[in-house]
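The number in our numbering is simply the position in the sequence shown, starting from 1, with 143 added.
Hints may be right or wrong, so weigh each one.
Distance ranges between label pairs, derived from CB positions [what the hints assert, rightly or not]: (1) Y519 / R561: 53 to 59 Å; (2) R146 / H592: 37 to 43 Å; (3) S300 / R180: 26 to 32 Å; (4) E453 / G212: 27 to 33 Å; (5) T204 / R163: 43 to 49 Å; (6) E453 / Y305: 23 to 29 Å; (7) R510 / R265: 50 to 56 Å; (8) H592 / R540: 17 to 23 Å; (9) D441 / P164: 16 to 22 Å; (10) D607 / E433: 56 to 62 Å; (11) P303 / Q361: 32 to 38 Å; (12) E433 / R540: 27 to 33 Å.
Pairs of lysine-lysine residues, derived as DSS-like cross-links and limited to a Cα-Cα distance of at most 30 Å, are as follows [what the hints assert, rightly or not]: (13) K541 / K506; (14) K531 / K602; (15) K531 / K578; (16) K541 / K578; (17) K446 / K417; (18) K446 / K506; (19) K580 / K531; (20) K506 / K417; (21) K531 / K560; (22) K545 / K560; (23) K506 / K580; (24) K506 / K560; (25) K541 / K560.
Since the hints were derived computationally from the structure, they do not count as laboratory data. From the three backbone atoms N, C-alpha and C, an ideal C-beta is built for every residue, glycine too.
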Amino acid sequence: MNRAELDQAIDERFIAPTRRPRTEKAGIELELPIVNRQPLPVDFDAVHRVAEDFVDHFDFTERCRDADGFIYSATHPETGDNLSFDCSYNTVELSFGAAFDLHELNRRFASYYAFLYDGLGRCGHTLTGMGINPRYAVNRNVPVASERYRMLLHHLSSYPKYEKPGGFPFHHHPNFGLFSCASQVQLDVEEQDLPEVLNTFSKLEPYKAVLFANSVWQTDGQSLLCARDYFWRNSLHGVNPYNVDMFAADFESVEEIAAYIRSMSLYCVERDGKYINFAPTPLADYFASEQVNGEFFDGTAYKPITFQPEESDLSALRSFKFEDLTFRGTVEFRSVCAQPVSEIFAAGAFHVGLMAKLHDLTKLLARDRTIYHQGYTAAELRNLFVQKNFPGNIFDRKAISKTLVQILDLAHAGLAKRGLNEEAFLEPLYPRAEKLKSPAVELLNGLAHGETIEDYIEKFGRLD
144 MNRAELDQAI
154 DERFIAPTRR
164 PRTEKAGIEL
174 ELPIVNRQPL
184 PVDFDAVHRV
194 AEDFVDHFDF
204 TERCRDADGF
214 IYSATHPETG
224 DNLSFDCSYN
234 TVELSFGAAF
244 DLHELNRRFA
254 SYYAFLYDGL
264 GRCGHTLTGM
274 GINPRYAVNR
284 NVPVASERYR
294 MLLHHLSSYP
304 KYEKPGGFPF
314 HHHPNFGLFS
324 CASQVQLDVE
334 EQDLPEVLNT
344 FSKLEPYKAV
354 LFANSVWQTD
364 GQSLLCARDY
374 FWRNSLHGVN
384 PYNVDMFAAD
394 FESVEEIAAY
404 IRSMSLYCVE
414 RDGKYINFAP
424 TPLADYFASE
434 QVNGEFFDGT
444 AYKPITFQPE
454 ESDLSALRSF
464 KFEDLTFRGT
474 VEFRSVCAQP
484 VSEIFAAGAF
494 HVGLMAKLHD
504 LTKLLARDRT
514 IYHQGYTAAE
524 LRNLFVQKNF
534 PGNIFDRKAI
544 SKTLVQILDL
554 AHAGLAKRGL
564 NEEAFLEPLY
574 PRAEKLKSPA
584 VELLNGLAHG
594 ETIEDYIEKF
604 GRLD
């Protein structure tokens, strides 16, 4: 495929779906850790039993069973809601068919969550709203027995092949996807708004870290309130910085966005039902190659294979950007950790409200002098604000709090404009903004004053 053909394929897959009016619907994906109430690994047999009961109770249709015959994905035929186990049976994911009313999604979530919580409870387990499974150190962090998840862990675990003195700073937790959890939202976007959406929400990322950090990580010499950035950035996914983190510069046009996508890397494709992984390769280089060397699992071991690129391989591109343009004509917001369950729709409502006030948000951040126009890029600010000791004496804490409240007020106005009384979902965020107290800060403060991790597993897992 030559450059012109690649550009056309990128346009058709990623840009063309945005050439239609916005529906203002939201797609919500919520990942939650499954936790053994004892300091022991998750009992996968218990998880399998509860999953089967869930599918029967809610009339879901199974989509995928693993190599051992266990359900790991099932969908409701009418709503499009999906129950799945994200990479591992230590994590349950509830994703919802796109809907306009967040209350409708919240009601379905509450019903699903209560069933899972009660079912797991009878087996000595629970669910909680944390960005890192609090039992990750004792859990069996093994992937779901499927071709894709096996390939993914194998790929990420191959990072030692790329290590060299003074080279890329890999961490040594390639299984991070088996114990980290997120709260993600997808929103429709129109082509003419693409640059502004990506630019503005990228600039919002430092402030989002203050509100939503909930994955404490005090290992590897790190002291982080939000470890998601570190896990993805310092893994094989981050060898090409175009695949992870924030956008380093503003986009002036949709053509620049397409060119950026061309610089992203592929690391796997599918042939005859088998996943092939290979060294991360930018799209432009991959499709210019006559053949590519990779490896695949033949049922017993990984074997080398040489294959030719195909145009359909573009569908295998996986971006892990905080703001990710998808093939559905949506932007997926990926940087938020899993949230305490009683406040789990706050992040989705935050994004929905701000998208409705996009131009006002752009203006607010353009004139911001609280953190911007002080010599830091948005990415540098995000890296500072995910640290445990943020913001030190570098920034005015009161000014940060004031700006956060202004941002929340914009989100509130955007939700009010929709006329569905969704503003209530934002209420938990105002105390966070006023006190600069994310769930991660709350957790660390509580532990420092004698509370236990068990207390917070329970607290962050309560539905109301």
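Hint-by-hint comparison with the structure:
no.: 1; hint: Y519 / R561: 53 to 59 Å; result: violated, 34 Å
no.: 2; hint: R146 / H592: 37 to 43 Å; result: violated, 59 Å
no.: 3; hint: S300 / R180: 26 to 32 Å; result: holds, 30 Å
no.: 4; hint: E453 / G212: 27 to 33 Å; result: holds, 32 Å
no.: 5; hint: T204 / R163: 43 to 49 Å; result: violated, 28 Å
no.: 6; hint: E453 / Y305: 23 to 29 Å; result: holds, 26 Å
no.: 7; hint: R510 / R265: 50 to 56 Å; result: holds, 54 Å
no.: 8; hint: H592 / R540: 17 to 23 Å; result: holds, 21 Å
no.: 9; hint: D441 / P164: 16 to 22 Å; result: violated, 48 Å
no.: 10; hint: D607 / E433: 56 to 62 Å; result: holds, 59 Å
no.: 11; hint: P303 / Q361: 32 to 38 Å; result: violated, 24 Å
no.: 12; hint: E433 / R540: 27 to 33 Å; result: violated, 57 Å
no.: 13; hint: K541 / K506; result: holds, 21 Å
no.: 14; hint: K531 / K602; result: holds, 21 Å
no.: 15; hint: K531 / K578; result: holds, 15 Å
no.: 16; hint: K541 / K578; result: holds, 9 Å
no.: 17; hint: K446 / K417; result: holds, 12 Å
no.: 18; hint: K446 / K506; result: violated, 54 Å
no.: 19; hint: K580 / K531; result: holds, 11 Å
no.: 20; hint: K506 / K417; result: violated, 48 Å
no.: 21; hint: K531 / K560; result: violated, 36 Å
no.: 22; hint: K545 / K560; result: holds, 23 Å
no.: 23; hint: K506 / K580; result: holds, 26 Å
no.: 24; hint: K506 / K560; result: holds, 19 Å
no.: 25; hint: K541 / K560; result: holds, 29 Å
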